[in-house]
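These protein sequences, in sequence, are chains A and B.
Numbered by UniProt numbering, the letters in the first sequence go through residues 1 to 204 in order.
Numbered by UniProt numbering, the letters in the second sequence go through residues 1 to 204 in order.
Note that these hints are calculated values from the structure, not bench results.
Small disclaimer: the values here were computed from a predicted structure and weren't measured.
Some hints here could point you the wrong way.
As the list claims (entries may be wrong) - With a straight-line Cα cutoff of 30 Å, these simulated DSS-like cross-link-like pairs (lysine-lysine) come out:
#, chain 1, residue 1, chain 2, residue 2
1, B, LYS156, A, LYS156
2, B, LYS200, B, LYS156
3, B, LYS64, A, LYS197
4, B, LYS156, A, LYS200
5, B, LYS64, B, LYS156
6, A, LYS197, B, LYS200
Said to hold, decoys possible - Here are the simulated distance ranges between beta carbons:
#, chain 1, residue 1, chain 2, residue 2, range
7, B, PRO159, A, ARG119, 32 to 38 Å
8, A, VAL152, B, ALA115, 19 to 25 Å
9, A, ASN13, B, MET26, 49 to 55 Å
10, A, ILE148, B, PRO159, 34 to 40 Å
11, B, ARG30, A, THR31, 46 to 52 Å
12, A, PRO159, B, PRO159, 23 to 29 Å
Don't be surprised by glycine CBs; every beta carbon is placed ideally from N, CA and C.
Below are the chains, spelled out letter by letter.
Protein chains: 2
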Amino acid sequence: MTVPPPDDHARHNARMERVAAARAKMQARRTLERGLLIVHTGNGKGKSSSAFGMAIRSIGWGMKVAILQYVKGKWETGERNFFEAHPDLATFEVMGEGFTWDTQDRARDIAAAAAAWERSKAMILDPDVDFVILDELNIVLRDGTLGIAPVVDFLKDRPLTKHICITGRHARPELLAIADLVTDFTEVRHPYNAGFKAQKGVEY
Amino acid sequence: MTVPPPDDHARHNARMERVAAARAKMQARRTLERGLLIVHTGNGKGKSSSAFGMAIRSIGWGMKVAILQYVKGKWETGERNFFEAHPDLATFEVMGEGFTWDTQDRARDIAAAAAAWERSKAMILDPDVDFVILDELNIVLRDGTLGIAPVVDFLKDRPLTKHICITGRHARPELLAIADLVTDFTEVRHPYNAGFKAQKGVEY
């Protein structure tokens, strides 16, 4: 591309100086710091992978990360392979026995979700853990496999010394109401609809 | 929570069997497999972290990952710390010298973006690389620091043996038009607006 003439550069640089000043002023007003309750929801791709990316960032800062996946037990996944190959990097656990449409046994799903929630609470209460990821928790909250009320009650009283990220479609409104950071992952175009199958590295 | 009576379980299980059958039929129609062009855009949080999460998944499958960050050079970030501490896991490079509102020198921005794009092309053409992440490329395409036309021309002719993920707000329509997978990260609630500063592990 053509490099703009010097006058344009000067105008651009002056404008950027104003942007920088406005940004610094805005940042100065943002002084709060504590553990955030983060929710990733929506029909788009990236909710779980974004949580794993935050795990990487946290590990990069020397923080201790604990990950619990609620409903993908039967599948071999890239994230599972990765964290099992590097057990020093994070605590990574899978509970549940595949999506409910795979197990087709509601009593077993309920028991697995209850056990996973007990484990989640232990991770959240563990003073050594700085970042807890509860992957696909929204799924079992949505379909009633796990009751929402005790989860919300516990999270309201959570220790504010760590971040918690909860992922999955159809986040319950009761959860969204108490979250600090909510992103809706909105599908614009998905290769599924063009006949592509789920691919390694991208979807799992 | 109360476990539903056996009748409910039977009904649920029968419904889940139908869901499983429908799902299997849908999956059977999804047979295509090739490298995807993925774009993460929107005003919400998670675009870059989701790309890093796909990096983790890909590494978990033994794929080779190359990451190039366009515009965050001056900052210490968790992802940079992580990948610099584990150079065996992925190629991780940072080009550019901070956001343009930090450098305030458009000529330098243009030169840095051009150099970063040359490096990006080399990563994409490298037969050993399976997944290329061009983090925040959208930013320099949006503001004209890097021209969109040569980028789109190159990506149209890209090798289809690897995935490419491009992140950043304000993705250009010319790029969206040729992408296979597009997610809009939509801000629902952000702690910025409640006075929180950007926090380690979450935002950087």
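Handout entry: Which numbered hints fail
Key = 1, 2, 6, 7, 8, 10 and 12
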